[in-house]
Amino acid sequence: MKIYRSHVLVCGGTGCTSSGSKQIQEELAKNLKKYGLEDEVQIVQTGCFGLCAIGPIVVVYPEGSYYSHVKPEDVEEIVSEHLLKGRIVTRLLADERVGDEVKPLEEVDFYKKQKRVALRNCGVINPENIDEYIAMDGYTALNKVLTEMTPEDVIDIIKRSGLRGRGGGGFPTGLKWDFAHKAVGDKKYVCCNADEGDPGAFMDRSVLEGDPHSVIEAMAIAAYAIGADEGYIYVRAEYPIAVDRLKIAIAQAEEYGLLGEDILGTGFNFKLSIRLGAGAFVCGEETALMTSIEGNRGEPRPRPPFPANKGLFQKPTILNNVETYANITSIINNGPEWFASMGTERSKGTKVFALGGKIQNTGLVEIPMGTTLREIVEEIGGGVPSGKKFKAAQTGGPSGGCIPAEHLDVPIDYDNLIEIGSMMGSGGLIVMDEDTCMVDIAKFFLEFTVDESCGKCTPCRVGTRRMLEILTKITKGQATMADLDKLEELCEHLKSNSLCALGQTAPNPVISTLRYFRDEYIAHIVDKKCPAGVCKDLLQYKIDPAKCKGCTLCSKVCPAGAITGTVKEPHKIDPEKCLKCGACMEKCKFGAIYKE
Amino acid sequence: MKKSFADLMEIRNKTLNRVNLRVDREEGIRIVVGMATCGIAAGARPVLKAFSEEVSKRELQGVTVAQTGCIGMCRLEPIVEVTVPGEEKVTYVHMTPEKAARVVAEHIVNKQPVAEYTIGAAE
Ligand SMILES: Cc1cc2nc3c(=O)[nH]c(=O)nc-3n(C[C@H](O)[C@H](O)[C@H](O)COP(=O)(O)O)c2cc1C
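Taken in sequence, the protein lines are chains A and B.
Going by this note's numbering, the first residue of the first sequence is number 5, and it counts up by one from there.
Going by this note's numbering, the first residue of the second sequence is number 423, and it counts up by one from there.
With the rest of the complex left out, here is chain B (with noise of 0.2 angstroms):
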């Protein structure tokens, strides 16, 4: 179909996010899931798809969700990293794929952490 420029911007938009993770690596948004052995013996791969499913739905721009080795805490896997530029790293802990939704909504999009998941409020 042809296309006007603004459709050219709306295709630009919808790309971006594709392309950018290959070309600003430290910046934006990081969703860091553990998935040692005893992440993924705690479920953190649905907790992981989970991230990604909610990033691609609501097309987040500039969010990056990645995997990491043991934490050192495996008692409280699945545990996530949330990293947004200009604030203190935030960490859950006994991580579900629905609490995984209300961390995007709230934390990566509304710029409120979940207090109830953190590493603080189960410690």
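If we strip away everything but chain A, and leave its shape as in the complex, we get (with noise of 0.2 angstroms):
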């Protein structure tokens, strides 16, 4: 096997393959062979680092030189000075670095307080190279399974790591396996959820697509647990790259034979195909999942019976979630106790967040449980940009709650999130600053519901409507008191009498934020008032008369001709001809104008 002095790690995640990745690869083959470095230099595709705001990441070892925001031009100069010459082009280094010094990955604040557990090799190996999976310890945990353990002492294992569910029940994965065990049934399977429906989150997509071997793996061993022999990776097929590689890994897996029968000569059969979902959030849910593979339309349907019992074609089922199997082979590796060294009392080693909203580093973070919203927010992520300030955080997406800045301390587990009124979820992180509206947040999220509604039972199809609609009413300041205390009987109607957690839950965001910011909703209400000044049809835009300079500007891009006034004299908007787009206050030079 040829081996190359240098590696340039480009990567294929999604979001740097959106912002060009795929050109510079081909820049990078391009020039090496220009400069005849083609057989020194290997380029390797890799899965997600995690930095998705400064991409496209480009990482050269064995210096470790971390080039970020790499356009196709910048490439020739890495190929010339780094790789032929052994410069490094500091222009294009990640922010973080003191002088010409380059730091190692680890030690980038970034990367610092986290912990790589389910994304270790994520960035790190080529996840459509089975044998650089296999390099880092790939398939030896199957391996003593199969050869060294019975399924009790597997599913003991699990137990004991303390791991749980991190689709968003938290439900413990060793308790599940034991119930699936245990059931009696001629034939069982074994499912992966990787439909990730949540807004904004993007963990699973990056496990499968930077280390879908894995997953893999992982669902093997809990084939041999619970004793089934068969197996489905659902997964939305808006996730083409992540399907793509699933479709290399399980036909290399085939073809080592650590897929399909008498697997590593043990005799244990275990056949793994995908199913693409269309993207309906409601799919996510593990019965309708199951429905959705039986070819019927994705709906709930009512438990009991549980899938341990009656699950996939009425036959016993596990299904979990990506992240959850991306720790299993660890856990075989290294132990229970490795594992349960990491986290808090009940909630166990790392959690994967995908960081979004109004945050420096958006991107994918890998924290040990227990790590405090702060920490994350202000170190890993750098902290709210242009000098806002902090207002909440959303977690758990349209199931989940806001978390205001008075808990930025709690450590995150678990049972914490809930008793603080949000919920772990799948990982979706979304920060809010001054600038956000927490009935329009609120707002947002039923309207995602509303759509994503399955319909089947009427707490949830009727129900969330008509929150929608008294949401609605607020932001536009037509609601009365009466109303609010409507829309919180709807949210107690809805969470006990939906028959599945989509209907559930869907009353959270609301309830959350009124539990943290019912001054808000009141300002709308009573006072007409939005006070982060969102919501359009409560702000009027006016120009302070001692200001303006007359200088027209403003009337000039006024977009509905709504501005009057003559030449140094004071303007003025008409708030019947306005339409509150705003293009007038970004362009006035005197800060004039200003809206309430």
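These are computed hints drawn from the structure, not numbers from a lab.
Check the hints yourself; a few may be wrong.
Said to hold, decoys possible - Stretches of chain A that chain B covers, calculated by requiring three or more beta carbons in the stretch to come under 8 angstroms of a beta carbon on chain B: (1) 7–14; (2) 64–76; (3) 84–90; (4) 128–135; (5) 261–275.
We put the beta carbon where it would ideally sit given N, CA and C, even for glycine.
Since each chain comes alone in its own frame, lean on the hints to assemble the complex.
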């Protein structure tokens, strides 16, 4: 096998691909040829490094130089300077460096507080090459399980590790496997939930794109533990790169006999297939997901019976999330005590979060459970940009809630998040600054659930719609305090009467914003004001006559012709004509235009 | 082809060097070739290539071949520095591809620096 003296890792995750990493790869190949380096330097396409905001990212080893915002025209310089002459192109290095000194990746602030377990291979190996996965101890856990352990041993280890489901609910994984193991059936199934429907979440996509074999190996282990011989990965069709890499990985594993019949000569059989989801949020719910795999319309069914007894095709089934699986092989290889040594009393290990919203370093982070929100936002995330104030963080997507600044120091784990009115969810974390209106945010999530409600049960189908109507009234300044009471009543009704967790948790964004930001709701209802200046119907743009110099610029940019006035005299905005687009405020050189 | 666990271990060992380069940066043996203009003019490129090829041919584990800028003694170029963990750095001067092959065989594999190529011998 050929050994290269230098490796150039190019991120091939969805984020960097859309910012042009494919072109970077082509340009690299061209230049390596031009400088005669193609036999010495290897280009490796990897999964996500986590720092999507500064992509495309290129990392050169052995130096570990971390180049950010790389453009095709920068590539020749990297090749001719760094790869040929060994001179690091400092102007392209990611910000965090001291002078010319390159800091190893692990020491960059963004990575310092992180602990990579589920993401251990992402950005390190080529996900389309099974040999590289094997070099990182891939498939040793499967071999160990098949040759040295009984199914009961495996379940015991997973139980002792304290691993809980990463898909949102946080159900103990070992216990789930135990139920399915004990269930009686001539046929059992193992499924993987890669539907990832929360807006803003992309943890599972990144694991599949960066390290698909870690999920495949773990599913084989799970199958052995519960006595299944067939499995499905349910992944949304909007993840084409993840789907491609999964297909390649499954084909490679089959070729090596790591999937299929008589795996590793042990007599164990496991067949794995992919099913594409069409992107309905409800299909992430376990019973709807199984109904969808069966070829029917993706609607939830009542539980019990639970999937462990009657799941896919009415057979005992386990369903776990992508990230849950991505932890399994490390637990087998390093032992349950190692895993349980990370995290808090009741939440062990690490959690991957997709950081988004008003934060400097948007991207993917993996932190030990028990890290505080403040550490994530301020240290790893680099804080809120443009000197704005942190207002709240949203976790748990449409089923979750908003965490206000007063709870920034709460250690993040399943139970603490529920206590403060949110939930872990699958790991989306959206940061909001002072310019965010909390009623508007609640409305945003309700719009989502109205669209995504499958319609099977009335509380969810009709209830979410009525809630959205009330929220819309509030943001338009047309609601009364009686509407607020009705809204709260609806929240309770949906929670206790919906068929599945989609409807049961749909009120959470409203409940949590009411809990912490009730005064904002009241300001909309009573004072007819939006304190954050977001809700257009409650806004008025005005000109301060003391500051206006009569330059006429605002009247020229106004698309509605709402601004009038003569040169050198203070201008006026006609509220009837004003569209509230804000163009005038942006253009005014004297800060004379304000909104209230 | 279907693999046994022994086959997997063989794949692992063969591929290890490839991925190790990206994981442990500071450990292992480092061969650093001076590749500034002076080095390149004196023929450092073929030397660098020869080192890469030797390491690759012998499937040596934990050896990195890297380049650096001007080491400061241009008249002695091509200059190559070899660092074996726990031992003093050895600087070779006036290197050629043939000499590179010998350094890999004697110094890297058999742990015996080639005294006659070192800077001490040249001075
Ligand atoms: C409306 C709805 C959407 C869901 N979407 C997802 C999803 O996208 N991914 C996921 O892993 N779990 C999702 N879940 C949770 C699953 O029902 C299930 O609990 C989870 O996949 C179990 O895996 P775990 O124990 O490994 O977390 C969703 C639940 C509901 C109610």
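Outcome of the hint check:
no., hint, in the structure
1, 7–14, "holds (count 6)"
2, 64–76, "holds (count 4)"
3, 84–90, "holds (count 3)"
4, 128–135, "holds (count 3)"
5, 261–275, "holds (count 4)"
Taken one by one, the earlier hints all hold for this structure without exception.
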